[in-house]
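Asks: Chain by chain, the residues:
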Amino acid sequence: MSLQTYQNAWLALMLRPQDKDTVLEQFDLSEAEKTALHTLEPERLQAIASGIQQGRMSVLMASLPASLQQLLTYELRKALTTRYAERFPQAVVYPPEQGMGSWLQWLAEQPEIAEQPLLGDLIAYEQLLLQLHFYQRPQPNPLPYPRLVPWAGLLVASPSLANLLKALQQQQDLPEPEAGQQGWLVLKHPHRPAWLQPLHWSIYHLFQQMNGLLNWAEAVQALVKQFPELQAQETALNEWQNWALTQHLLDVY
Amino acid sequence: MHENHLKVISWQRIQQLLPWVPAGPVLDLGAGRGQLAYALADYGFQVTAVDQYADTDVASHPRLSWQHTDLRQLELGDQTWAAIVCLNVFPFLSQAEQLPQLQRLKAALQPDGLLIFSSFTANDPGAAHSFARDPQGQPCPTGVLELASLKQVFADWEWWWSFEGNMHDDHPPAGPHQHGLVQVILKKPACQLQAVDWNGLPSLGVGLGWRHALQPLLAQQDVADFIEIMSDDYLNPVWDGHLLELSQRYQVIPHGVELSIGTPNGHDPAYLAQIRRIANRCNSPWWSDHLCYTHSQNVKTWSLNPLPCSEEALEVVTANARQAIAAVGRPLLLENVAYYWRPELPDQLADGEFMRRVVEGADCGILLDVANLYGNAHNFGLDPYEFVRQLPAERVVQLHLAGGKLFDKLLFDTHDHPVAQETWKLLQFVLKHCDVKAISLERDGRFEALEEVLPDLKSARQLLGVRV
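Chains as they are written, first to last, in my numbering: chain A, 1 to 253; chain B, 1 to 468.
None of these hints come from the bench; they were simulated from the model. Glycine included, each C-beta is placed from N, C-alpha and C at the ideal position. Hints may contain errors.
[Unchecked claim] The calculated lysine-lysine pairs, modelled on DSS-like cross-linking and capped at a C-alpha distance of 27 Å, are:
1) B:K300 to B:K405
2) B:K425 to B:K458
3) A:K20 to B:K432
4) B:K409 to A:K20
5) B:K300 to A:K78
[Unchecked claim] Counterexamples of contact, computed for chain A against chain B with all Cβ distances above 10 Å:
6) Q127
7) S160
8) Q197
9) T235
Let the hints inform the model, and build the full structure from the sequences given.
Replies: Structure follows, in structure tokens:
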């Protein structure tokens, strides 16, 4: 008997209780284990597996970001949760933060969501927030040059995004979606709600270049090379470094 | 921008590591006007700010106290502080005083505590602008400190971060000049967990599993003597502030579901490191998880699956438990799970015997879920009293109570009803046979009927006979 094989077989059964015989054939179980597992009545197996599935769905529902809970009706949330849980029985749901990225990514691709541009923006914003973190043990080795701090991120979304978030926060009517795209700087500091500010596209691209391997002036030069129309703004772009520093947006760790 | 500007210690860098400061008071040496001390107190720490010069223009803070004295006159204590922040105090000391004062700081920190330290180097180009004066009032050379000398003093500490280099400074009367800085962030080694004195663990009384929906209940006075948190909800350090707040109101016990102590591949060290951080934050006398497996290498079901009571499972659990205890550094309690099917295999140990051998082999305690014990007995016709008799009485440290629900003759551990009469009867038997230190009630549903919780807590308290 191998404990690992038995456990793998049991966990697989929890994911596909309806295919009990097929699942069990895939594992090199001992005769005693096979006999024992074959005595498990399908109704009992189904009851145990659905208990787990119900628990997963309830965690998925509860872990949706507040903004999405606010925008999606209960019925739609329930339908989407059920669809996701059934389609991806192996998807991690707990702790919620571990599985949230895939859950949000899948949500964004669903027709009910994809047809609403504001929802797409909101999910992209929530996905970015998941990646931002403030607390961390000090990193031992500095990078050669600065990059954006880990609680700041870049996002391209509709120009309406700020108004959408404000409307949700203040429970007002949602804004009309605006055409076009806007580069946003999103910040998630633990002592204040997440906030964002629009960036001129040149600054957006400049921040994108700041990967710890170029200094600011080199990043500006690389940007000007990529977009020659920015030649006249090179000095101004260099001066944005002071703004980034005073806002504590750069770090070398 | 000076090239080292972003490399040195800043408030931001200190702030980022606050979740790793264990429970206990924080000392800010050379606090000046208290900017850093206030921020630390705002985060939730009890802070002592020390500065030789009294500033009368300083507002009070409930978690901040001041001592207007010199480091040399300050009683630092032994293993007193969870963190010591000592930024550029040493330039006020003569060379001869520096190493002895470093040794005092070293002794004054708790195990697992953090030292955040900055001073001028021995090769400080700005030495003439330093503050240490000889008895004639003449400037002293500032430093004997270099990274290499600090490495000797703190050789056995965990080095989290260090910097040595020049930094621009500009203050009157010197004007612009450079200083050689040496800065470190170090963690004092933890004490090795010795064999646990199970009878010596503290009595906590009757507690409640913390859930957001229970807040109205907990707002009432004296509802719970302690709180049990779901440790997996606090793995992200962003929740540390909340944990700190909770732990200042209650004794907090971390209770997890994702340890998966029965998985043969061992534990994830990163997971255990987070549990350690959480247990340190709460200064918990123990932590707990379930005697089960929740996942394999490829599948994570978020369910507590029962282990076959085999010799192989016994070996796996014992080895994993030892690893987990060493990594977290506090006693571990394992909980018996509710199950709705388990294979009947040859050569299996009885449930109680299996648990006894696990806890004795790994030096664990037991979190006995009385409701699970009753539920399993109900569902499988087992004798719960025999199970209890098989357990080593001094290892049954904590009990869980909850109310479940019947579905088609099976009793499910739903945590959403009052505790069943049969569970109370079993509880009385357990209390008669075991040296229980704590009982906690779990409630995970039907929050609209919270009034059901209070009588259960009252009954548990009466039966435990302890009010802490």
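Asks: Does K20 of chain A lie within 27 Å of K409 of chain B when you go C-alpha to C-alpha?
Replies: Given pair K409 of chain B, K20 of chain A holds - Cα atoms ~23 Å apart, limit 27 Å.
Asks: Non-interface claim for S160 of chain A: all C-beta distances to chain B beyond 10 Å?
Replies: holds (28 Å)
Asks: Given the hint that K20 of chain A pairs with K432 of chain B, does the C-alpha gap stay at or below 27 Å?
Replies: violated (45 Å)
Asks: Is the claim that Q197 of chain A lies outside the interface with chain B correct, judged by CB distances over 10 Å?
Replies: The claim holds: Q197 of chain A sits with its nearest Cβ about 19 Å from chain B, beyond 10 Å.
Asks: Is K425 of chain B within 27 Å of K458 of chain B, Cα to Cα?
Replies: holds (15 Å)
Asks: When you look at the beta carbon of T235 of chain A, is every beta carbon of chain B farther off than 10 Å?
Replies: Holds, since 16 Å exceeds 10 Å.
Asks: For K300 of chain B and K405 of chain B, compute the direct alpha-carbon distance and say whether it is at most 27 Å.
Replies: holds (26 Å)
Asks: Over 10 Å to the closest beta carbon of chain B is the bar; see if Q127 of chain A clears it.
Replies: holds (16 Å)
Asks: So if I understand the rule, the pair passes when the alpha-carbon distance is 27 Å or less; does K300 of chain B with K78 of chain A pass?
Replies: OK: K300 of chain B and K78 of chain A at ~22 Å, within 27 Å.
In this structure, only the earlier hint numbered 3 is contradicted, and the remaining ones agree with it.
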